[in-house]
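Trainee: Combine the two chains into a complex, taking the hints into account.
So the protein sequences, as listed, match chains A and B.
Here the numbering used here is used: the first residue of the first sequence is 8, the next is one more, and so on.
Here the numbering used here is used: the first residue of the second sequence is 48, the next is one more, and so on.
The hints are simulated quantities; they were obtained by calculation from the structure and are not laboratory data.
A portion of the hints provided could be inaccurate.
Claimed, not checked - If you want a taste of the chain B side facing chain A, the calculated C-beta under 10 Å gives, among others:
1) Leu101
2) Leu105
3) Tyr124
4) Asp127
5) Ala129
6) Asp130
7) Glu291
For every residue, glycine included, the Cβ atom is placed at its ideal position computed from N, Cα and C.
As a plain string of letters, each chain reads:
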Amino acid sequence: MSGAANPVMTIDPSEEDQDKLAEFESRIADGVLIEPGDWMPQAYRMGMLRMAEHHANSEIVGALPEGEWITRAPSLRRKLALTAKVQDEVGHGQMLYRVSQDLGKSREDMLRDLCTGKTKYHNCFNYPAPSWADIAMVQWLIDGAAIMNQKTLADGAYGPYVRTMHRINMEEAFHFKSGEDMVLTLMSGTKKQKAMTQEAFDRWWGPSVMFFGPHDKPNCENLPPMKWRMKTESNDSLRQRFVNRFAPAALDLGLVIHVCQKDEHGMVTSKTVDEQCRLDETTGNWGVTDPDWDEFFRVIRGNGPCNAHRVALRRFSYEQGAWVRRAIAGGATTLPPAA
Amino acid sequence: MTTMQNMLKNPDANLVLALADDLLMLGHVQGDWTGLGPILEEDIASSSMAQDDLSHALVLYEHLGAHFGIDADVIAYERDIADYRCCDLVTLPDEFDWAVAFVRRWVISHWAAPVLDRLTKSDDQDLAERCLRLRAEQSLHLTYLDDWMHRLGSGPDEGRTRIQTALDTIAEHAGMVMEVPDRDLADIEAFCCGREELFNEWTTAMNVVLEHAGFTMTFPLPALDAFGGRRGTHAPHFHEQHAEMTEVRCADPGATW
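Just chain B, with the same shape it has in the complex (with noise of 0.2 Å):
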């Protein structure tokens, strides 16, 4: 069995992995924003975001890294599509809407602030640390996202009804971000506690900014057998991303860059 193939059978790994993979595929969708925000100033903050969530993905691989040998650039780049263990909605394509955009970082940051929580908590302490790092910073982005929620719910219809919508098109993906990333573990309860408690705990979090703000969002806990791109049955659009996001380095396989 490979090095890659021992992280991917180890359930712990496997859930450290679902992060990262959201982490850097948020990082990857938003940071294609760079330079084509709506205003100079917010699209500095985006950027800054995007750039916090693939240094996050990095600092998670390059603990997963140190644990099994392999290097970190080798697990963001170098798996088969079926091993990536992000969730349907990060990869969810924006269509160029800032609306989309926004609310999927929203939905993402609010998931990873409880989930990062629990992390801070495990008994594998190198891991714990690093993510109490990584709790800070989403921390920052929780404000500011959330600042931006309340500003665009006091604003006027036009935007108001394109965040509504965009929320109710998120909504349809929402869910499986709960998806478990591999069958055993619904015998473990994923991610360090109780299912149904990180859910209330994130939409919880979410439904008392969007009720301030004037915006609704519903969607059900998916059933544990429910899959999708955590157990590698990532959607056509993923595998278009994988592509591109591998274009250079498949180049030239080997070569350093």
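Only chain A is shown next, with the shape it has when bound in the complex (with noise of 0.2 Å):
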């Protein structure tokens, strides 16, 4: 997760009725999911919020690379593969909007604040896709970071969110399995697939490993939340993983990892192999160049290659689509001025 300070973290815990909190904290303990209508303490409430917000705005806005290249497919199945993962996406972002809905924001709200630059999306969907191979590599590095993710996420402790995982973590399996067969084709073709993906590789596979966020603070697991069970593994811990996964796939597939140097469109420029990318056959883990985290929070803050022309086109549809929902549901549609 990425973007503002969470609420879990900035708001007093001490200031809850101490009783009620350490019922709540209790049950979490003993394993027992949270409800809506269960007491939960305002820092849990707005954090889940934040979460299940950013996750809702990060399945629309993550739908966007991959919807332009809807019209290019190379093959009808490649179309109707895209064409429904595409749509998935827009579905995962329809359940999580009705979860945070339950936690006390209305879906307009959060759209406005979206399209408005006020609330997020993860980080990833703001580099660019600039070939076919590019799809590939988002179906199989982002959405097989995102599930290995959002698979401890289905381990933790409110509810809706909880079961929302699992239901999401379906399709994102089949999701999964379309990008490893798109890449195992690219890769099984001829010169021009196998350099069009590598190249792909190399945008990619920094923003994959920055997928899970920066390093830990010290004693994570004792802050709200990962006590809370929000989330229940380190980022630390979930990078780890996620690399010793994917590096070994990509070496076996005939790839190259590589250190790169982009421009501010997304564009490697320079490469070179890196070299950190080994097994260490002490510890089993692979090891891997630490990611350029100046450049993760230079695009959180809005200065990522494609954060402009992802928000103008979702507020864009936002505001072509503003008549259907006056004719349908009534109700305010209108946009503050952008930020």
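Mentor: See below:
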């Protein structure tokens, strides 16, 4: 997750009813799922809302880079699979906005906040996808990372979010299989296809390793996000698991793992083989050069290659569809000025 | 003569190809809306219909492919532009106007239903069985789209005006759905029945819905010799859409994707 400071870390739990807080924490420790009507600390409610809203935003913004390739898919079956995949992402967004609505924020407010830049979405969708092979990489690497992350979120404590994660993960598994099949097909193909795939891999390997967020704070297991089982595994642990799974898989496919320099458009300008990327026989872990965290925070602050484009397209779609929402449901659907 | 030419010269194949190409291009232009619809739930439903249209095109290309020994993707992607039989309406650009996209789909779905009804009675059993399945799914589209037309018709003036404007725009192109794909077919009365009968069935079904919703749309049956997309004379926007659709596939001809 990325974006502004999470309320769960900034709201002081000592201001809560301490008896109710103790009972809440005891239920979580016992593995009881928290439901929308249950008492919960304000920090937990706000933190879960922010998490679910961010996740919902990520789904519908994540639909954009892949959606741009539906009209260019190179076979009918790929076209069908990609359309269905993008549709799934929209469906995930719909489910997650419903979870968020139960926590106290209307869908209209959430969509408006997304379109005005008040709320964020996952950082990885601020990178470009200029070739068909990029779509393969998004489905293989990004959906692969999402599954790893979301499997741990499905072990969380907030009932509606946990149930939604279970359902989303089933569909994400299909997306991953589709991506794996696309990468395998491309890497078994012509020289041109292999070169296109390596270029796309170079663009997406870095954002994929950064997918799980920056290094954890010390003692993160005892801080509210993990203590209250909003998340159940640290960023560092998830990132290591991802590298252990995908670094050897990429090498097996004939891909080379590079450390890349990119321009402001997210295109690779120079690259060197990642000498750190090798198996440590002692730990069983694969090494990887630490990502450029300056880039990570630069993109979060809105200065990535595609931030403006993604938000502008979402806003355009929101504005163009306002009359349909008025026609069907009524209500205010206009936007405040651009942020 | 190549297998592709054999198919293109066959009058029966051209009838199937006309429907398949309509569904291909409808799925192509409507699929482009996935992720950008005005309401999440409608976005999801619209994308499902686009996927149905693409699947139906695939089912029909596979039928033709089996008869003429051509891969379905080759039929879909690798013909010359003049050999596509889609009508002008399915490729009409919507300029990201949901009303135009909605009415375009509604009109084509209403046209596909009676055409599929006739094809389910084809002497070609394989084609008849395939079309029976397609007809059932297109019925679901009609139920959904007619319901939307009713809801929009009973809504505020803003939406009603937009839909009526879109109907007026679409009406200028809708008649050419009835364009006969090949001049020789005039002799055999296209689509297994009288052309006028099909036109009346199609427009009557639409008018029932429009009247209930408070909208109007009228257009004449074009002359038999009217020509456009079905005879390969496509508008410039189809050339652009075709170039986009085949961009990746043509980037490395012969490659497996």
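Trainee: Next, verify each hint and record whether it holds.
Mentor: Structure-based check of all given hints:
no.	hint	in the structure
1	Leu101	5 Å, holds
2	Leu105	5 Å, holds
3	Tyr124	7 Å, holds
4	Asp127	18 Å, violated
5	Ala129	21 Å, violated
6	Asp130	17 Å, violated
7	Glu291	5 Å, holds
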